[in-house]
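Taking the hints into account, I'd like the entire structure generated from these sequences.
Protein chains in written order, with our numbering: chain A, 78 to 355; chain B, 145 to 505.
Derived from the structure by calculation, the hints contain no laboratory data.
Fair warning: there could be bad hints in the mix.
[Said to hold, decoys possible] Short derived list, chain B residues pointing at chain A, Cβ under 10 Å:
(1) PRO217
(2) LEU218
(3) THR221
(4) VAL222
(5) SER223
(6) PRO225
(7) ALA227
(8) ASP283
(9) LEU285
(10) ASP286
(11) LYS293
(12) HIS294
(13) GLU296
(14) ALA301
(15) ALA502
[What the hints assert, rightly or not] Here are the simulated distance ranges between beta carbons:
(16) ALA146(A) <-> THR449(B): 53 to 63 Å
(17) ALA146(A) <-> PRO217(B): 41 to 51 Å
(18) ASP275(A) <-> PRO217(B): 29 to 39 Å
(19) THR192(A) <-> PRO373(B): 23 to 33 Å
[Claimed, not checked] Calculated pairs, PhoX-like style, for lysine-lysine (alpha carbon to alpha carbon, straight line, at most 25 Å):
(20) LYS304(B) <-> LYS370(B)
(21) LYS293(B) <-> LYS229(B)
(22) LYS293(B) <-> LYS260(A)
(23) LYS254(A) <-> LYS293(B)
(24) LYS260(A) <-> LYS240(A)
(25) LYS229(B) <-> LYS304(B)
Keep in mind the model is a prediction, meaning the values are calculated, not measured.
All C-beta atoms in this analysis are idealised placements derived from N, C-alpha and C, irrespective of residue type, glycine included.
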Amino acid sequence: MTRVLILGNSHVGALRDAWTERGGKEPGLEVRFFAAPTHIFDQMRLEPNLVFSLPDGHPRHAEFAEMLARINAVPAVDLSTADHVLHVGSNCAFGRIGGLLSEFEVDGYRADGMTARLSSAAFDAMAAEIARFSLPPAVWRGWTQPALTLMPRPVVSEDCLAKPAKAGVAPWIRAAKTQYELKPLLGRYFGLLDTELDRHRITLLRQPAETLAATGLTAAGYATGSRSMPNGNGRFSDHTHMNAAFGALCLDRLFARIRGTEPPVAATPEPQPATATH
Amino acid sequence: MSGTPASPYSGLPPRAFWRSGVSERAPLTPGDLYQPKFRVTGDMRIATAGSCFAQHVGRALRGAGLDVIDAEPLPATVSDPTAQKFGYRLYSARYGNIYTARQLRQLFEEATGRFEPAEPVWSRDGRFFDAQRPGVEPDGLDSADLVLKHREGHLAAVSKAFSSADLFVFTFGLTEAWIHARTGTVYPTAPGTIAGQFDPKAYSFKNYDALEVLEDFEKFRAALRKINPNVRFMITVSPVPLTATASGQHVEVATCYSKSVLRAVCGMLTSRHDDIDYFPSYELITSLNSRGVYFEPNQRSVSQTGVNTAMATFLGAHGLDAAPAAARSRKSGPGRKGTKPARTKRDEEVCEEALLDAFAK
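Now the structure itself:
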């Protein structure tokens with residue numbers, strides 16, 4: 078039995094829902110979850126012995142520990158008890174890459190309405206820097222047992238184009254409206270992130286390609302009914318949390334990787350500057 | 145005749161005499177070499193350009209919290225080293241070093257549609273470079289067409305930066321340049337150095353004299369003032385000696401010629417125009433008072449101490465702090481970890497609700 082630990086912030090919710098829907102079983106795999114809201118998850122620390130917990134003396138320790146216990150039944154988790162760890166929901170500096178893509182037409186990728194142009198070499202240098210910035214803290218890097226896989230938070234859902242959105246998604250709205258080839262541009266970034274992570278023995282699990290709409294954003298259907306955006310009751314809309322259908326595809330991809338049956342990621346096409354710009 | 149000075153020199157301040165102004169000045173004391181003609185203030189929008197020493201000037205002005213124009217900005221999250229590798233954040237637009245007055249004039253005339261450079265694109269190993277700023281894309285671009293597209297955007301930024309400036313700071317660097325022989329188009333580097341191929345029939349060496357430098361800056365000033373009538377100028381001469389000369393002279397002799405011409409032109413410009421002030425960075429750095437410590441061991445590069453001394457003198461003369469609190473706090477922006485907006489209690493509650501729901505099953 079291969080032991081799998083899925084841990085992360087609120088983005089774990091979609092995977093957990095999917096796991097529940099499939100009855101909490103997967104042949105040959107023992108799957109556990111550990112999640113914390115981002116404001117708590119970001120305060121937790123991984124010790125060298127691979128125990129992930131709230132540091133003693135944290136000013137909100139009691140409050141946060143109670144919340145962790147309510148969610149997970151335990152306040153901490155030992156990663157060394159797993160064969161595979163999936164770290165879910167890291168923002169991977171999405172705001173930074175979104176900012177870049179919302180302001181520049183990159184050579185070789187069609188865009189409209191941009192006032193500034195960026196060479197592909199400059200884009201790669203800046204995107205690689207963003208990728209390095211988004212690496213997890215040093216204690217998460219360089220070990221092989223358990224195997225560590227990182228799955229960033231999803232790209233915002235395209236319903237943000239039509240509905241009022243939080244300020245943080247504004248760059249993505251602009252990028253989706255101006256970049257005709259947002260999807261391959263993001264693919265280029267994830268390729269650079271993959272390279273950076275690989276240097277630290279971390280593998281990248283990309284958002285399933287089928288969940289991305291033609292705009293490059295997450296197809297709206299994968300946000301519908303997500304826990305952070307309940308259907309039609311208007312509580313709030315964040316466009317970043319996805320539903321169980323999304324989580325199911327993520328689980329499929331994760332399990333295929335663990336079993337070695339995952340289809341290879343299509344290479345990011347090289348830009349064709351002479352014809353692709355306008 | 146009592147009260148009439150015995151000599152026009154009697155009664156002059158100590159700074160007017162070599163003995164009191166230099167010989168008796170404590171070592172590494174910059175003295176009051178600079179008395180501003182007009183005040184540089186915090187509300188001025190400043191454009192910077194010039195030879196490599198001008199990078200120090202721009203950096204110091206930004207560090208002092210002054211409003212230095214960046215017409216080709218990058219997101220603040222891009223680090224300075226990465227930005228500067230591609231020519232960003234060095235000057236008010238991405239033109240790289242502008243060594244000669246002719247290059248400055250030519251750039252502005254091109255930006256305002258009155259000039260087209262000859263051979264605007266150079267190539268090397270199948271890559272294409274902007275001949276007017278070959279260093280801003282170290283690996284070149286995929287096609288000549290792309291170079292021209294980038295240049296079009298750049299020229300718009302140049303026009304915007306120059307026309308919106310209240311103060312234009314220019315550091316004169318060189319008199320020597322390489323030009324297109326038939327048209328006179330000047331290039332910032334010799335063909336074949338970064339890109340292009342040197343062809344002695346197509347390109348020729350040019351060492352501008354004082355009258356040519358004067359005319360070039362006068363023409364630039366007049367053109368800029370046509371669209372930006374209130375702009376003022378702060379000019380200075382780079383104290384950095386020539387790396388190499390093609391004049392046939394010893395490089396030290398050639399450096400002296402070049403700097404002398406530039407310094408003389410600065411003096412002429414300053415005396416002719418009330419809107420032009422001269423800042424003596426050349427004199428401050430090369431002063432005998434500095435005992436050479438304002439240069440690095442290669443006796444060419446200006447040391448950080450030298451840069452700091454010159455810029456502190458400039459800022460102090462204008463009553464500006466070298467690193468005001470506002471500027472210091474801004475340093476947390478570009479290239480460094482950005483500050484994330486604080487999470488609200490509502491954000492926290494939302495995340496908690498979502499997870500509790502998912503894990504409650």
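Structure-based check of all given hints:
| no. | hint | in the structure |
| --- | --- | --- |
| 1 | PRO217 | holds, 8 Å |
| 2 | LEU218 | holds, 7 Å |
| 3 | THR221 | holds, 5 Å |
| 4 | VAL222 | holds, 5 Å |
| 5 | SER223 | holds, 6 Å |
| 6 | PRO225 | holds, 9 Å |
| 7 | ALA227 | holds, 8 Å |
| 8 | ASP283 | holds, 5 Å |
| 9 | LEU285 | holds, 6 Å |
| 10 | ASP286 | holds, 4 Å |
| 11 | LYS293 | holds, 6 Å |
| 12 | HIS294 | holds, 6 Å |
| 13 | GLU296 | holds, 9 Å |
| 14 | ALA301 | holds, 8 Å |
| 15 | ALA502 | holds, 4 Å |
| 16 | ALA146(A) <-> THR449(B): 53 to 63 Å | holds, 58 Å |
| 17 | ALA146(A) <-> PRO217(B): 41 to 51 Å | holds, 47 Å |
| 18 | ASP275(A) <-> PRO217(B): 29 to 39 Å | holds, 32 Å |
| 19 | THR192(A) <-> PRO373(B): 23 to 33 Å | holds, 26 Å |
| 20 | LYS304(B) <-> LYS370(B) | holds, 14 Å |
| 21 | LYS293(B) <-> LYS229(B) | holds, 20 Å |
| 22 | LYS293(B) <-> LYS260(A) | holds, 24 Å |
| 23 | LYS254(A) <-> LYS293(B) | holds, 22 Å |
| 24 | LYS260(A) <-> LYS240(A) | holds, 21 Å |
| 25 | LYS229(B) <-> LYS304(B) | holds, 23 Å |
In this structure, every one of the numbered hints holds.
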